[in-house]
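Line by line, the protein sequences give chains A and B.
Each residue of the first sequence is one higher than the one before, starting from 5 at the first, in the numbering used here.
Each residue of the second sequence is one higher than the one before, starting from 5 at the first, in the numbering used here.
Simulated from the structure, these hints should not be mistaken for laboratory data.
Keep in mind that this is a model prediction, so the values were computed, not measured.
Watch out, some of these pointers could steer you wrong.
[Stated by the list, open to error] With a straight-line cut-off of 30 angstroms between C-alpha atoms, the simulated DSSO-like cross-links for lysine-lysine are:
| # | chain 1 | residue 1 | chain 2 | residue 2 |
| --- | --- | --- | --- | --- |
| 1 | B | Lys265 | A | Lys195 |
| 2 | A | Lys144 | A | Lys33 |
| 3 | B | Lys265 | B | Lys101 |
| 4 | B | Lys101 | A | Lys265 |
| 5 | A | Lys315 | A | Lys101 |
| 6 | B | Lys144 | B | Lys315 |
| 7 | B | Lys315 | B | Lys210 |
| 8 | B | Lys210 | A | Lys265 |
| 9 | B | Lys265 | B | Lys195 |
Number of protein chains: 2
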Amino acid sequence: MRATIMRDWQLRVDDLPDPTPAAGQVLTKVLACGICGSDLHTLRHGAEVRSLREALAGDGPPDPMAPIPFESDRDTVMGHEFCCEVVELGQGVDNLKVGDVVVSMPVAFDSGGVHALGYSNAYNGGYADLMVMNEMLALKVPGGLPPHLAALTEPLAVGVHAVAKSRIAIGDSAIVLGCGPVGLACIAELKMRGVGPIIAADFSPKRRSLAEAMGADVVVDPRETTAIEAWRAADGVRPLVIFEAVGVPGMIEQAIRMSPKDTRILIVGVCMQPDTIHPLLAIGREINLQFVLAYEPTEFAAALAALADGKVDLSSWITGTVGVDGVPQAFADLANPEAHAKILVVPT
Amino acid sequence: MRATIMRDWQLRVDDLPDPTPAAGQVLTKVLACGICGSDLHTLRHGAEVRSLREALAGDGPPDPMAPIPFESDRDTVMGHEFCCEVVELGQGVDNLKVGDVVVSMPVAFDSGGVHALGYSNAYNGGYADLMVMNEMLALKVPGGLPPHLAALTEPLAVGVHAVAKSRIAIGDSAIVLGCGPVGLACIAELKMRGVGPIIAADFSPKRRSLAEAMGADVVVDPRETTAIEAWRAADGVRPLVIFEAVGVPGMIEQAIRMSPKDTRILIVGVCMQPDTIHPLLAIGREINLQFVLAYEPTEFAAALAALADGKVDLSSWITGTVGVDGVPQAFADLANPEAHAKILVVPT
Numbered sequence: 005m006r007a008t009i010m011r012d013w014q015l016r017v018d019d020l021p022d023p024t025p026a027a028g029q030v031l032t033k034v035l036a037c038g039i040c041g042s043d044l045h046t047l048r049h050g051a052e053v054r055s056l057r058e059a060l061a062g063d064g065p066p067d068p069m070a071p072i073p074f075e076s077d078r079d080t081v082m083g084h085e086f087c088c089e090v091v092e093l094g095q096g097v098d099n100l101k102v103g104d105v106v107v108s109m110p111v112a113f114d115s116g117g118v119h120a121l122g123y124s125n126a127y128n129g130g131y132a133d134l135m136v137m138n139e140m141l142a143l144k145v146p147g148g149l150p151p152h153l154a155a156l157t158e159p160l161a162v163g164v165h166a167v168a169k170s171r172i173a174i175g176d177s178a179i180v181l182g183c184g185p186v187g188l189a190c191i192a193e194l195k196m197r198g199v200g201p202i203i204a205a206d207f208s209p210k211r212r213s214l215a216e217a218m219g220a221d222v223v224v225d226p227r228e229t230t231a232i233e234a235w236r237a238a239d240g241v242r243p244l245v246i247f248e249a250v251g252v253p254g255m256i257e258q259a260i261r262m263s264p265k266d267t268r269i270l271i272v273g274v275c276m277q278p279d280t281i282h283p284l285l286a287i288g289r290e291i292n293l294q295f296v297l298a299y300e301p302t303e304f305a306a307a308l309a310a311l312a313d314g315k316v317d318l319s320s321w322i323t324g325t326v327g328v329d330g331v332p333q334a335f336a337d338l339a340n341p342e343a344h345a346k347i348l349v350v351p352t
Numbered sequence: 005m006r007a008t009i010m011r012d013w014q015l016r017v018d019d020l021p022d023p024t025p026a027a028g029q030v031l032t033k034v035l036a037c038g039i040c041g042s043d044l045h046t047l048r049h050g051a052e053v054r055s056l057r058e059a060l061a062g063d064g065p066p067d068p069m070a071p072i073p074f075e076s077d078r079d080t081v082m083g084h085e086f087c088c089e090v091v092e093l094g095q096g097v098d099n100l101k102v103g104d105v106v107v108s109m110p111v112a113f114d115s116g117g118v119h120a121l122g123y124s125n126a127y128n129g130g131y132a133d134l135m136v137m138n139e140m141l142a143l144k145v146p147g148g149l150p151p152h153l154a155a156l157t158e159p160l161a162v163g164v165h166a167v168a169k170s171r172i173a174i175g176d177s178a179i180v181l182g183c184g185p186v187g188l189a190c191i192a193e194l195k196m197r198g199v200g201p202i203i204a205a206d207f208s209p210k211r212r213s214l215a216e217a218m219g220a221d222v223v224v225d226p227r228e229t230t231a232i233e234a235w236r237a238a239d240g241v242r243p244l245v246i247f248e249a250v251g252v253p254g255m256i257e258q259a260i261r262m263s264p265k266d267t268r269i270l271i272v273g274v275c276m277q278p279d280t281i282h283p284l285l286a287i288g289r290e291i292n293l294q295f296v297l298a299y300e301p302t303e304f305a306a307a308l309a310a311l312a313d314g315k316v317d318l319s320s321w322i323t324g325t326v327g328v329d330g331v332p333q334a335f336a337d338l339a340n341p342e343a344h345a346k347i348l349v350v351p352t
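Make the full structure from the sequences, and use the hints.
Okay, here's the thing in structure tokens:
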């Protein structure tokens with residue numbers, strides 16, 4: 005099969021042997037797979053994250069889902085936002101049949117343990133013609149939902165989870181800092197929950213227009229109006245939850261500094277470098293910082309259901325489509341937030 | 005009256021005019037007032053905190069309870085952990101009478117606004133013979149509770165509040181890092197709530213023995229056994245809440261590094277310097293950082309009730325007593341954690 009492969013923090017397109025499903029697994033053909041910002045970050049910052057991880061492994065228990073769980077000097081095929089069609093059943097599979105269209109949390113398991121699909125040397129992700137998934141984690145895509153939208157289940161689930169972790173309720177208000185796919189997913193889920201007003205901020209006009217399409221009530225360019233000024237003008241009294249979806253050093257402190265007392269700040273953006281805060285500012289305002297990662301299986305299923313039921317329309321996210329051979333160029337193109345939000349890989 | 009006065013970040017003992025109660029206020033004689041670590045920090049770091057505060061005032065609304073709300077080139081009498089006897093009633097006071105023994109949250113208000121008792125140029129705190137408080141905030145001390153214990157209402161309330169903010173419940177476990185009065189108050193409140201096991205860590209043998217007296221189940225010297233090792237040995241499975249009560253740079257990162265997934269970390273220690281964290285470590289474990297300050301009026305009252313009802317005995321905290329003239333020396337003596345936990349000022 006054809007695949008875009010990462011090795012030594014470089015991408016190349018090459019042929020790989022077709023994968024084989026073990027017992028309880030299915031072989032699938034990739035119908036669509038979104039390119040995630042985390043993959044761009046991994047390609048660019050993976051080496052430093054890996055050494056940080058090793059230096060700071062610390063006192064905690066070993067973490068099977070730790071960042072960079074693969075060997076960088078061996079082949080890794082990324083891609084964890086996939087929608088696939090079942091083409092072959094492994095031993096003992098009885099709830100799926102050939103032709104079923106499915107999505108899955110990007111996790112596979114076998115007798116050797118748990119593997120992060122898209123960040124594993126043992127299992128390839130969706131930047132390839134074929135991939136393997138476990139029957140137990142596969143969710144059938146309801147008939148009416150096209151594969152290119154079903155592939156957005158995973159990024160939407162990130163927003164579903166962040167909003168759930170925030171314990172935000174109707175009557176609260178929200179600020180979303182950064183309107184890449186993670187910020188947009190938060191806005192979409194906040195809107196589905198009926199929370200408002202939702203204030204969104206991004207430097208990019210394209211991303212601001214996507215934030216509006218997701219239902220943000222006020223969308224600002226922070227060079228002109230800061231998010232907190234816009235919040236004060238639009239509301240200024242309801243309890244506030246801030247979703248930090250930028251993920252660069254300094255953003256956590258910036259969120260703390262803009263916060264009124266008792267604000268909850270959800271750290272959804274993934275900052276891979278060290279960061280400096282002034283605890284005294286957070287103490288004076290009794291800030292709550294909730295760091296979040298990924299989602300629960302029920303949240304993943306809820307995201308698929310929201311898409312299938314038409315509760316949310318994410319079609320505006322898709323700004324480009326490439327074949328497997330086009331993935332390296334797509335990685336380069338995604339650096340421009342004006343041109344792209346989500347590029348889908350659609351193998352031919 | 006006699007008072008220990010701070011001016012230009014220096015302490016001196018001097019005579020001041022007796023304060024006068026306004027309408028709704030009472031003049032009181034200080035029976036006992038605890039010396040708080042925050043006062044030591046303010047004396048030592050006040051100048052830098054003040055400039056930090058000014059530099060970082062940021063986008064938030066003005067905060068009447070901001071650190072260092074007083075002018076440092078004017079007289080300030082600190083002391084916010086006081087128990088007093090009413091000696092004179094201001095106009096319109098009808099729920100207190102001369103001779104009542106009272107405590108109060110360290111806040112006063114008048115037609116000019118809200119003032120932090122002990123951090124104000126307008127109202128003196130308890131390192132003095134006399135002070136003024138508002139009838140509305142004064143709580144009568146139940147008869148059996150001696151003033152030196154009633155003066156510990158305020159530091160105990162800090163623990164009551166931190167534990168309440170943590171949303172810890174029976175079935176969870178706790179680690180308390182640092183066994184100064186703040187850490188000890190957390191242990192005392194955790195014990196009153198029936199949470200366990202409670203693991204406490206401090207370098208000082210004296211403070212470790214106080215942690216045991218408060219009811220900590222396991223107490224360690226982190227040079228020999230880390231808190232998280234002790235937690236794993238004692239429990240290792242219950243949901244964990246960590247109370248960071250040290251308040252020096254690096255402690256937040258240290259708490260994050262030791263945390264298993266989904267740990268809540270309460271930042272109770274007041275770190276006045278900038279601090280560095282690695283967000284990626286907190287993201288991978290979905291850590292929650294709750295910064296806390298002070299207490300609610302109901303929590304202050306709950307602390308007084310716990311002391312009066314004999315639910316907790318804090319007499320072991322009191323390691324020394326001085327008169328108003330002895331405050332400067334007591335500040336110096338408190339630098340040694342082996343010699344002292346809480347020194348009470350008892351004006352003669």
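Hint-by-hint comparison with the structure:
1. B:Lys265 / A:Lys195: holds (29 angstroms)
2. A:Lys144 / A:Lys33: holds (14 angstroms)
3. B:Lys265 / B:Lys101: Given pair Lys265 of chain B, Lys101 of chain B is violated - Cα atoms ~54 angstroms apart, limit 30 angstroms.
4. B:Lys101 / A:Lys265: Violated. Lys101 of chain B to Lys265 of chain A sits at ~37 angstroms, over the 30 angstroms cutoff.
5. A:Lys315 / A:Lys101: holds (28 angstroms)
6. B:Lys144 / B:Lys315: holds (18 angstroms)
7. B:Lys315 / B:Lys210: holds (23 angstroms)
8. B:Lys210 / A:Lys265: violated (36 angstroms)
9. B:Lys265 / B:Lys195: Satisfied, since the Cα-Cα distance of roughly 24 angstroms is no more than 30 angstroms.
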